[in-house]
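Asks: The lines below spell out each chain.
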Amino acid sequence: MLGALSRNRPLLALLRGGNGGDKAASAALWAASKRFMSSDNTITVREALNSAIDEEMSADNKVFVMGEEVGEYQGAYKVTKGLLQKFGPDRVLDTPITEAGFTGLGVGAAMYGLKPIVEFMTFNFAMQAIDHLINSAAKTNYMSGGTINVPIVFRGPNGAAAGVAAQHSQCFAAWYGQVPGLKVLVPYDAEDARGLMKAAIRDPDPVVFLENELLYGESFPVSQEVLDPSFTLPIGKAKIMREGDDLTIVTFSKMVGYALKAADELAKEGISVEVVNLRSIRPLDRETINASVRKTSRLLTLEEGWPQHGVGAEICASVVEESFYYLDAPVERICGADVPMPYAANLERLAVPQIDDVIRAARRACFRKEEKKQATA
Amino acid sequence: MNGSRSMLRLATAALRQGSSLPGSAGKGAYCKTEFLVRGYAADADAYDKMPDSGKKPDSGEIVVEIPVKFNLHLLESGPPQEAITTKEELMKSYTDMSVIRRAEISADMLFKSQMIRGFCHLYDGQEAVAVGMERALTFDDSVITAYRDHGIFLGRGGTALELFSELMGKKTGCALGKGGSMHLYHRKHNFWGGWGIVGSVPPLGAGLAFAHKYMKKPNVVVAIYGDGAGNQGQLYEAQNLAALWNLPLILLIENNHFGMGTAEWRASKKVTHYDRVPYIPGIKADGMDMFSVREAFKYCKEHCLAGKGPIMLEADTYRYHGHSMSDPGSTYRSRKEIQGMRQERDPIERIRKIILTEELVTKEELKDLDKKIRAEVEDAAAKAREEPFPSDDELFANIYKADSGLVAYGCDRRKTKVEMP
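If you read the protein sequences in the order shown, they are chains A and B.
Under the working numbering, the first sequence has 210 at position 210, and the numbering climbs by one with no breaks.
In the working numbering, each number is its position in the second sequence, counted from 1, plus 1000.
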């Protein structure tokens, strides 16, 4: 099939062109060229992000990408692979290692009307620029009485990776999630990545897009609808990944995968778990969370970040405020341990939630014994 | 006039005889003003001279000398040491600067009567910078500054009513009363604020310049910061980006020699700013002389639009008030110094002298104009006092531009829960 393509000049032009032509056709051809049009349409999160950014850049000339190694290096995590070749150095900019400078530059460009996508190699480095995220981007539409908005996307890996230790492992969902004026998105699978990235780029407000390094390489099946260039997801709506009756697990990002695995295990012991994938930290979908808890009457929040003042704390507060009389058990929070991330593998394992932690807490919420009885001979 | 000059000389002599150790000045003298006097003594002669108006070409143009020499960094030649102007420009500039002056005096009174709250950083003394800049720019060029923004806002075509309304938090303010003194904006005239964080403006300005270049606009961006911000790391980062990417950015340093209460020599190893970057050219102009500022800006705009990249413009200026209304401004500066500046280098006086020397209008006419400006500004303040505050629902408005369906909570979550349509 690709052999035939290589002899077809109009199709090749579509593939190469920087401004898209027939968008649906070029998306389909792009997909073909990326060799993932298998029968079940599986793509990785990385491919999902790449395709979303690619399509939005084709559709709108004002969108541009900026960050360290996003261009010639093809992206530190290869999320921006191929974009420099396709759109050129005016729209895909390699920056020096100056987060405060280039983040402020991105915000200034967004104020004037461009649509920057600023990549932080990890969100740990965004702390160098956090003043611009909060004081220059988040607050501006409000401070200016609605005259100046900032249509910018800040994206990059967030949270723990593997063995990268204390300074490279922090989860910032709670920090950014607290700030009025920011929208904070947390995709889990490929569908989330595509839909939320497109929504973020089109959104006229500053969006903090928290990815996860360990999810980039994971593959997920996606429908044709998801692959369409017009596909977006609404910002502020959570998704029920799995329906259940006994316990609601509310979580986001990589932990969604853990929750689903825990749910499979718990199903074997007769505990039916409903898994809510937040997709959005701010706005937080309190409606979906509370509707689910009112159905199951038990809540477990699951996150990688630190517990105090974390995302789970806000979810628990929301449920206790709005669905108190529906709760049959105390709320449970599974979070990262209250420590800077250690390096040693055994300690790291103790510092981040494991599936066993989720299962144990689920049993507790159902007033069951925490550990299964061991059969004796 | 002569008396004050000899006073200046006496002051110089006295200080030179005194101790040269910082902080060991005699009783009652809190500051070491030598650094300023050094600059002025050299130019005291220049200031004694009336701006030369001998030449008068037939076209009705007036040639004004710029007595203080421009300092150049990485430039072969700089702006001319004389400016050609017209009666119209002189009268307009006089008016513009006087409006700023009167507005700041009114703001002072309003703050003292608690109609203005929080912070109030006044611009009087620095009028020549705002007005000289606007003489060289159009409203298609962009300007962005920090929190001492009242003068810049007025220079960008903001009205006194919008200004006072915003200062008093009224809904007719340029930011609907939700910004305040430090957050003035005028998008239509490309005035991008009004920012409270010292040092944040240069990267934002670089971003505006990036967008200008990206959209192929034939315009420049002026990013303004003070000497106090001159040591910020992100300034250096912005300079690198602007030079690396060849952005049409003029970095204007309003050097009033004090970062709050800290004199420049106590904060900076190197007290000049225009020549700090080995790869960005710079000009130092007399920030109390509107024509010096104007010519420097003309030069800088041409430089940027020729695609030569960013340029630094240091304006040697002075603020009569303290850092803000909570700072008397006299614990770290002597009254002699402040008075000396008012007498020797006041920007409005300078233009007044030219106008009267050229006999463009009579003294009485000028007095009438002064009265008229004062009345207009005070009327605007009075009118702003009568304007309403924003309604309570404004609290939750414009947090986002796309806020449909957004739910926001007040302090009592059960009492105040708002859903945006």
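Just so you know, these hints were derived from the structure itself, not from any lab.
From a predicted model like this one, the values you see are computed outputs, not experimental measurements.
We put the CB at the ideal spot given by N, CA and C, even for glycine.
Possibly wrong hints are sitting among the right ones.
[Unchecked claim] Here are the in silico distance ranges between beta carbons for each label pair: (1) A/G113 x B/C1411: 44 to 52 angstroms; (2) A/G113 x B/R1414: 37 to 45 angstroms; (3) B/L1305 x A/G113: 14 to 22 angstroms; (4) A/G113 x B/P1278: 53 to 61 angstroms; (5) B/R1414 x A/P221: 39 to 47 angstroms; (6) A/Q85 x B/D1140: 31 to 39 angstroms; (7) A/D90 x B/K1363: 32 to 40 angstroms.
[To be verified] List of simulated lysine-lysine pairs, DSBU-like, C-alpha gap at most 35 angstroms: (8) B/K1087 x B/K1371; (9) B/K1372 x B/K1353; (10) B/K1401 x A/K239; (11) B/K1217 x A/K78; (12) B/K1367 x B/K1353; (13) B/K1336 x B/K1188; (14) A/K239 x B/K1216; (15) B/K1092 x B/K1216; (16) A/K81 x B/K1216; (17) B/K1213 x A/K295; (18) A/K86 x B/K1401; (19) A/K81 x B/K1213; (20) A/K81 x B/K1401; (21) B/K1417 x A/K295; (22) B/K1188 x B/K1415; (23) A/K139 x B/K1372; (24) A/K139 x B/K1371; (25) A/K295 x A/K261; (26) B/K1353 x B/K1216; (27) B/K1415 x A/K78; (28) A/K62 x B/K1092; (29) B/K1213 x B/K1092; (30) A/K237 x B/K1401; (31) A/K139 x A/K261; (32) B/K1417 x B/K1092; (33) A/K78 x A/K139; (34) A/K78 x B/K1298; (35) A/K62 x A/K139; (36) B/K1367 x A/K139; (37) A/K237 x A/K62; (38) B/K1372 x A/K62; (39) B/K1217 x A/K81.
Asks: Which earlier hints can't be squared with this structure?
Replies: 1, 4, 7, 13, 14, 17, 22, 23, 24, 26, 27, 28, 31, 32, 34, 36, 38
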